[in-house]
Amino acid sequence: MAKGNTNPDFLNGVPELAVLRVLFDGPQHGYAIVQSISKRTGGTLQFGEGSIYPILHKLEQQGLLMTRREVAGGRERIVYRLSKRGSKQLEESCHRWQNVVQSVQALIEGGDNGLSPVVPAAS
Amino acid sequence: MDCHLWFQQLRDALRKQRVPKRYANRLIDELWFHYLEMKERDEMNGFSIEDNGGVERLGSPETLAIQAAQVPRATWAGRHPWLAFIIGAPAITLGLTIGLLFVIFNILTLFVEVITLASAPWLEPLMMVLNFVQVVVPATIACFLVCRLVSRSVRSPWWGVVSCGVVAVLCSMMHVHWAPAATIPGTGMLSIGILAWPTPTTLLHATVPLVIGVVFAIKNFSPRKPQSHKSAPVAVRAAA
Chain A
2 MAKGNTNPDF LNGVPELAVL RVLFDGPQHG YAIVQSISKR TGGTLQFGEG SIYPILHKLE
62 QQGLLMTRRE VAGGRERIVY RLSKRGSKQL EESCHRWQNV VQSVQALIEG GDNGLSPVVP
122 AAS
Chain B
152 MDCHLWFQQL RDALRKQRVP KRYANRLIDE LWFHYLEMKE RDEMNGFSIE DNGGVERLGS
212 PETLAIQAAQ VPRATWAGRH PWLAFIIGAP AITLGLTIGL LFVIFNILTL FVEVITLASA
272 PWLEPLMMVL NFVQVVVPAT IACFLVCRLV SRSVRSPWWG VVSCGVVAVL CSMMHVHWAP
332 AATIPGTGML SIGILAWPTP TTLLHATVPL VIGVVFAIKN FSPRKPQSHK SAPVAVRAAA
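These protein sequence lines are chains A and B, in that order. Numbers given in this note's numbering equal positions in the first sequence, counted from 1, plus 1. Numbers given in this note's numbering equal positions in the second sequence, counted from 1, plus 151.
Errors might be hidden in some of the hints.
As the list claims (entries may be wrong) - Derived DSBU-like pairs: lysine-lysine, alpha-carbon spacing no greater than 35 Å straight-line:
{"no.": "1", "chain 1": "A", "residue 1": "LYS40", "chain 2": "B", "residue 2": "LYS190"}
{"no.": "2", "chain 1": "A", "residue 1": "LYS40", "chain 2": "B", "residue 2": "LYS370"}
{"no.": "3", "chain 1": "B", "residue 1": "LYS167", "chain 2": "B", "residue 2": "LYS190"}
{"no.": "4", "chain 1": "A", "residue 1": "LYS85", "chain 2": "B", "residue 2": "LYS172"}
{"no.": "5", "chain 1": "A", "residue 1": "LYS40", "chain 2": "A", "residue 2": "LYS85"}
{"no.": "6", "chain 1": "B", "residue 1": "LYS172", "chain 2": "B", "residue 2": "LYS370"}
{"no.": "7", "chain 1": "A", "residue 1": "LYS89", "chain 2": "B", "residue 2": "LYS370"}
Treat the hints as calculated values from the structure; they're not laboratory data.
Based on the sequences and whatever the hints tell you, model everything.
Okay, structure coming up:
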């Protein structure tokens, strides 16, 4: 994972979506969440690993995540899990994101509007 | 970069961004455990964390502090603590008291036409309880609500303690008195108001919000466990 990378503005909302999706599969602590995102996206989504925590705390404040303290290997760590509100938010975010992906895909390919492809095919 | 230096820079940056101390400590704790996990994982894979980006993999301390400073401002209460906690708590108490008064008034009026103290002597102790409950229940709800808001908005616990104190002062001056009819039905009285000085009875109202404030303070100010990140980076450095 690249060091200290933060997401550009274009990806606003994506880290939140990624966190919610990872936690949909079960409770995890911060380190495991970062690893899951990195593994699942094949390293495409790169976070400054520490920047996951302000995101987690903001989602917790919004009631989308719940926490509990857990002792593992002599260390107390905070485990995050999705709340009911979080599950609903994930569903909405996924739907919105899929719309964005389809729209951008249509834009790139020229789509229904009859536009020329932005990236011409290599001759 | 040395991890001790990195954490010190983060602490300074968080202070510069005026991140509440309690939240800053939580963030540093979590980042420290994250760093230990990274280090252990790298060692398990046969190389040192320094070969794999070191502590800087966590990001830049300044960027993290800027992101962390946005967390307490993510909710309305976090952005406007004076309004939410100092004005909001007594406002909620007053609103709930008036609402409860309205409900009780409507229920009692069904009985006052037929019941008097002469026919129902149990009415007097009941009314005494009602006079107390009428003030204390709304205050209790308001205090719990505000303390929960303080915790959620990661603001300093002092906001919760002060809010409970403000509610206690209000309760100590709030007077609600139901006087049942003595002999003639329909002549019962209700008096409500804010007293200039508290009386022993109204002072009793203040005990409940005060107790909630003290419990909240004990829960939030008592040391949970030693903060390992304060000394541990030095130990890591010595071991390396």
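Hint-by-hint comparison with the structure:
1. LYS40(A) to LYS190(B): holds, 18 Å
2. LYS40(A) to LYS370(B): With a Cα-Cα distance of about 39 Å, the restraint between LYS40(A) and LYS370(B) is violated, given a limit of 35 Å.
3. LYS167(B) to LYS190(B): holds, 28 Å
4. LYS85(A) to LYS172(B): Answer holds: LYS85(A) to LYS172(B) is near 30 Å, not above 35 Å.
5. LYS40(A) to LYS85(A): Distance ~26 Å between LYS40(A) and LYS85(A) Cα, so the pair holds.
6. LYS172(B) to LYS370(B): With a Cα-Cα distance of about 16 Å, the restraint between LYS172(B) and LYS370(B) holds, given a limit of 35 Å.
7. LYS89(A) to LYS370(B): OK: LYS89(A) and LYS370(B) at ~32 Å, within 35 Å.
Taken one by one, the earlier hints fail for this structure only at number 2.
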